[in-house]
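So the chains spell out like this:
There are 2 protein chains.
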Amino acid sequence: MYVVVAYDIRTDTKAGQKRLRRIAQVCVNHGQRVQKSVFECQVDELQFADLVRQLRDVIHPAEDSIRIYRVHDFSKRTLVSLGREIGIDFEEPMIL
Amino acid sequence: MYVVVAYDIRTDTKAGQKRLRRIAQVCVNHGQRVQKSVFECQVDELQFADLVRQLRDVIHPAEDSIRIYRVHDFSKRTLVSLGREIGIDFEEPMIL
Numbered sequence: 002m003y004v005v006v007a008y009d010i011r012t013d014t015k016a017g018q019k020r021l022r023r024i025a026q027v028c029v030n031h032g033q034r035v036q037k038s039v040f041e042c043q044v045d046e047l048q049f050a051d052l053v054r055q056l057r058d059v060i061h062p063a064e065d066s067i068r069i070y071r072v073h074d075f076s077k078r079t080l081v082s083l084g085r086e087i088g089i090d091f092e093e094p095m096i097l
Numbered sequence: 002m003y004v005v006v007a008y009d010i011r012t013d014t015k016a017g018q019k020r021l022r023r024i025a026q027v028c029v030n031h032g033q034r035v036q037k038s039v040f041e042c043q044v045d046e047l048q049f050a051d052l053v054r055q056l057r058d059v060i061h062p063a064e065d066s067i068r069i070y071r072v073h074d075f076s077k078r079t080l081v082s083l084g085r086e087i088g089i090d091f092e093e094p095m096i097l
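Chains as they are written, first to last, in our numbering: chain A, 2 to 97; chain B, 2 to 97.
Please note: incorrect hints may appear among the correct ones.
On the chain B side, residues computed to face chain A include the following (Cβ under 10 Å) [to be verified]:
1) 62
2) 71
3) 79
These aren't lab readings, by the way, just hints derived from the structure by calculation.
The beta carbon of each residue, even a glycine, is placed where N, CA and C say it ideally should be.
Model the full structure from these sequences, guided by the hints.
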């Protein structure tokens with residue numbers, strides 16, 4: 002399953018800046034950063050539940066917003082990318 | 002068709018700030034802001050092509066990033082929203 006995570010974290014406090022780092026880390030653990038606060042992930046149902054749970058544990062519900070979009074039928078037509086590109090094609094072999 | 006638009010615009014120049022305003026305006030004309038730089042739109046194929054064309058006309062390809070995700074089978078399971086919510090349910094009657 003292909004998932005897009007977009008977040009808006011209030012960072013005018015130290016606590017907010019800490020949440021931002023932790024939320025970004027959770028996303029890095031599950032996928033690929035494609036914009037400052039947008040990640041794309043290829044996960045199964047278990048990993049998806051884990052991702053949502055970890056994000057829910059960190060977020061401040063009244064100050065932050067995280068929107069997680071599941072895209073089941075991901076194809077070449079799903080994404081139109083304009084401008085700078087920092088995404089990686091998941092099908093390509095990852096050179097570690 | 003349900004569409005999510007996420008953008009990252011370089012705003013350390015006057016020109017970038019102007020692009021940001023114009024890109025936000027194009028998105029407002031096609032949908033609903035749900036985060037600072039994320040919009041959700043309900044569009045048909047013609048409106049989608051119009052949205053992409055207008056964004057492409059404004060963007061600075063080397064400095065900005067716009068990612069447009071088409072979600073054909075949008076359902077209640079498509080979106081998980083954590084924290085503050087500023088989206089509108091498109092099925093609800095819009096009070097004008």
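Okay, the hints, checked on the actual structure:
no. : hint : verdict
1   : 62   : holds (5 Å)
2   : 71   : holds (5 Å)
3   : 79   : holds (5 Å)
This entry satisfies every hint, going by the numbered hints stated previously.
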